[in-house]
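K.L.:
Take a look at the letters that make up each chain.
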Amino acid sequence: MGRTLATFTQLVRQELEAWRRYRRALRQEDQQALDALFAAARRHSAAGAYVARETPVEVMFMSMLLEHQKELDVLGRRVANLETSLPARQSDEPPDRMAP
Amino acid sequence: MKQAFQPGNRTNRLTGWLLDVYPDRAGMVLWFLDDEGRRLRLVDPFQPCFYAAGSPALLAGLNTDLRGAAWPLDIARVERCELGAPEPVPVLAVAVRQPSVFDPLVRRLISVFPQARFYHVDVPLAQRYFYDKGLFPLARCEAEIGAEGAVLAIQATDSPWDLDYVTPPLAVLELLPDSRALNPAHGGPAPLLVRIDGEERRLEGDDRAIVERLQALLARHDPDLILTDWGDSYLLPRLLALAERLRLPLALNRDAGRPVEARRSRSYFSYGRIVANAGARTLYGRLHIDRRNSFIVAEAGLAGLIEQSRVTKVALQRMARTTTGTGITAMQLETAHRDGLLIPYRKREPEAFKSAWDLLRTDQGGLVFAPTPGYHEQVGELDFASMYPAIMTRFNISPETVNCACCARDPEACVPEIGHHTCRRRDGLVPRTLRPLLRKRAQYKERLKAAGDPAVRQRLDQRQRALKWLLVVSFGYLGYKNARFGRIEAHESVTAYSREILLQAKEVAEAGGFRFLHAIVDSLWLQKPGATRADYEALARTITLRTGLPIVVEGLYRWIGFLPSRVHPALPVPNQFVGVFDHGGVKIRGLEIRRADAPLLVKRMQAELIECLGRAGSLAELRALLPQAVEILRTYRTYLREGPIELDELVIAKALSRDPQAYRTRTATAVAAQELLARGVRLQPGETIHYVIADAGAAYAGDRVRAVPLSSGGWSYDVSAYDELLLKAAHAVLASLGMDADRLARLSGPAESPPSQDVPR
Amino acid sequence: MMSRTSFPQIRPLQLPLVNGMIESPVPSPVSVDRLVHQGPWRLTQSDGLVVLHGHPAVLQLGLCAAVDRSLAGEPLFYLDGANSFDPFLIGRLARAAGSLPRTILPSIQVSRAFTCHQMVQLVTERLGPALRATRGSAVILSGPLETFYDETVPAAEAVRLAQVLFASLRLLAGQGCRVLCLCPPPSLTRRGHLLEALRRKADRVIEAMEGQEGLLLRERRAGVLSTWHIPREAWLGA
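Residue numbers (the working numbering), protein chains in the order written: chain Y, 1 to 100; chain A, 101 to 861; chain D, 862 to 1099.
No lab work stands behind these hints: they were computed from the structure. Just to be clear, a hint being listed does not mean it is correct.
[What the hints assert, rightly or not] Result set (DSSO-like, lysine-lysine): computed pairs, CA atoms no more than 27 angstroms apart in a straight line:
| # | chain 1 | residue 1 | chain 2 | residue 2 |
| --- | --- | --- | --- | --- |
| 1 | A | K606 | A | K628 |
| 2 | Y | K70 | A | K540 |
| 3 | A | K687 | A | K628 |
| 4 | A | K628 | Y | K70 |
| 5 | A | K754 | A | K828 |
| 6 | A | K687 | A | K828 |
Let the hints inform the model, and build the full structure from the sequences given.
P.N.:
Written out as structure tokens, the structure is:
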């Protein structure tokens, strides 16, 4: 007896499919960003399945946020490292974050 | 080697093995290999019984009908229980004095009395006989024999649970077409090869000569086992037809009074899906096993088949051809039969009503933690040993124990998260059936660790693998639609426990400083810099202590690559990896090398590539080996262009997913199937066919591929199509090392100089 | 084993439906709310035995009826023979109809049958007591015949069991139950006569078919032909 409910991985695929028209009208680089968001949802399919919510898209958004938060943490640490390793600049002005 | 019993002897004691059992008028026919090398036909009186339940009027009608039957029957009114039923029900017990009429009788009754519920009607009688007598296929026996080979007493002197059993010295005759691995029914010349007593001969000459030669060999050697390639679908049907046409004897059966049992191949439609069933030719008094039509022989050899047959009590010829699920079901049927329970003819019990809200939580599988794509080092793998069966036995999960009436209020009985509970008072049928299997497999594995002799190792490994398959399907059969003792709630309880246990393992591992890289239901890939085997062993012990389930260290990897999706490189894909253990062994999942349909050339290239990378002890060394890996690919691509290449290396095997006439699009498989059909080959859905890519871009679809075997001598292949396959297979492994597809194609192409200077970082 | 891929064209988000429907041969935009509350398949009147058949999407339309009844506060029994029950789609429909999924889902009782023997047992033995216990009278059978399209069950046995099933359904209808049978096209065409037989037993028969711009539903009652149109439009959220 196969399972009846879609697996979380299938739900992510369905959700991505639901955004197809949206995705099509995005610029290519933005499409890639969207795909990365859905990859984040897929990455947490175990948690998504285990929480078993009736509205799975909420869980997907949470997974996307979570990956964002992790990225922020990583970037934050790198910035902090850079700040400490760079020679002290003038007073409180932070290094230029937009520099390439 | 005498076959008939000496009528003069009054009683006789025999020791030997039980080779074959089947129903006859006077009882069950037993073929016995005694210690003097004789093959004896014995007959044991046996009166199999079936049961019927229904309204009193119905049972009265049934009773009247049976009393008018032409066959001698013993009818009684008794009370019996179904599995999980609180009370016994009145049933009619009907003992059939002639086993050979049992099947026709119950078939008639089922159609004449559709309202009745029948029990014990569809367990093969050989199995019933084994259950009742404590026997099993190839059992070592002592028997007391009276006149005319009548069995006065018989008992097994070994047990299906023995580890050191002795199998009988079977006389084996091998019969195979002398053509390479492909299906002879698809064409090509195929002379007949016979191997016996270590000698091989070709049977040549005209049809008459072939049948006569084979008949002479059968008479002279009197084999116990005829082992064939393609015997079921091709060799035996043709040989028998030939013998009949020429009116020549061909004693494939040892029991001269019976024809060879024929089951025609057919494909049938079940729930919107085509299921293929290859035909069968089975023998009486001898065994026929077709290596090309046996899942278990392919998986675990003859030793594995014998192991499964002994523990399941499913006759060898049947076990060779049936599903593993039939084997595990047979074991459950035996447990039920021993408990005095009724074995229902069809499963009826549907799922209990549950709310859609509850369904959200219960209808879940095991947890899968997607991997972090890319190559990693300092990784170890831990596997729960037979997780699902271990859960069933530890938590007493069985159709009749889940949501029992007695333990609803016991908090200890509660299944995590989903609101079911399991019985704390009575040991379930499924756990009781599985426990000895789990124990025996663990014992084999323990011995395997200590064994040195390669032949012994192979035998132990085949036997443990045969048991593994029974354990693997035991879970599916809790939920399978036709499983006799299946129940959705039991299935749900197993997966609920598996989720809980994997999460507990995660918590233990993370508390020990291990990073959770990837996990699939019962396997965990962990990473911890500097961790040794002892650290992983200690972790395994802690997890076992916490979860109550045995978990073992599968191995420590020098490195492991979790390979990304080929379509969406950003997407993690579970269970697709290549890793090299510290002892040099390689573990691969989801690559061409493991796929039945990939051409040999592609598999060999990938294997060589991975072997080369396997020399790396770390990620840094792995990257340093990239130029060599590219060089391997280059060699294969050059070989592909320049040859000389063998047909075998390019053949692609595909199973027909539908009736070959029904393909709408002209896929490669459809084209090859059409070609075979046009040659007069008969194909059935589900069958595997073979082809080479001749010209993938040809305007006319029929020119794109050629079916194998080829209809004529000349052939050509599409270099660029196979080149593409080589590149894809190499890229799958190398992509995560920073090698994009275009660059790989360029570096391994003909024009480029060796890539030593062009190593990606 | 049932496979969800048997109905490739009807995953919720690729549904050839729907933004609503109206009793008219001409498509016109209507809200999902109306789809839920005004479909001809809804189980409000004393309909008896209703058969909605002809298109794979009938399985999804049935879920609209389930939501409609649940929103009305009625217990609903959903007998699934097609392995098609979809609480996520029910959740979406509930939201579209202005309610929370968690208020709807607990009131829908589901049981799945994977063989025709189970389906018959479910209807003949289990359903009656369950209905009495909740004083319910609304029942949906999703793919009641799907389990009968199995060649491992002999044709004669399938026919006999189907007769038992139909007799039970008539009995339920006679007792005042409203029973909606959702029948996609038979996957085993040589057993298509079973669906014909079920149609003959029904009080109402609605046929769904693929129209030019969406789904077309038709019912002939007392000689009058009613037609509904469900436009092919983007479905919830997308």
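K.L.:
Hints first: check each against the structure and report whether it holds.
P.N.:
Against the structure, the hints:
1. Taking the CA atoms of K606 of chain A and K628 of chain A, the gap is near 14 angstroms; set against the 27 angstroms cutoff, the hint holds.
2. Proposed proximity of K70 of chain Y and K540 of chain A is contradicted: the alpha carbons are some 47 angstroms apart, above 27 angstroms.
3. In summary, the hint linking K687 of chain A to K628 of chain A is supported, as the alpha carbons are separated by about 20 angstroms, within the 27 angstroms threshold.
4. Only pairs whose Cα atoms come within 27 angstroms are accepted, and K628 of chain A paired with K70 of chain Y is accepted, the gap being roughly 20 angstroms.
5. Pair hint K754 of chain A plus K828 of chain A holds up; C-alpha atoms about 19 angstroms apart against a cutoff of 27 angstroms.
6. Only pairs whose Cα atoms come within 27 angstroms are accepted, and K687 of chain A paired with K828 of chain A is accepted, the gap being roughly 20 angstroms.
This entry does not satisfy hint 2, going by the numbered hints stated previously; all others are met.
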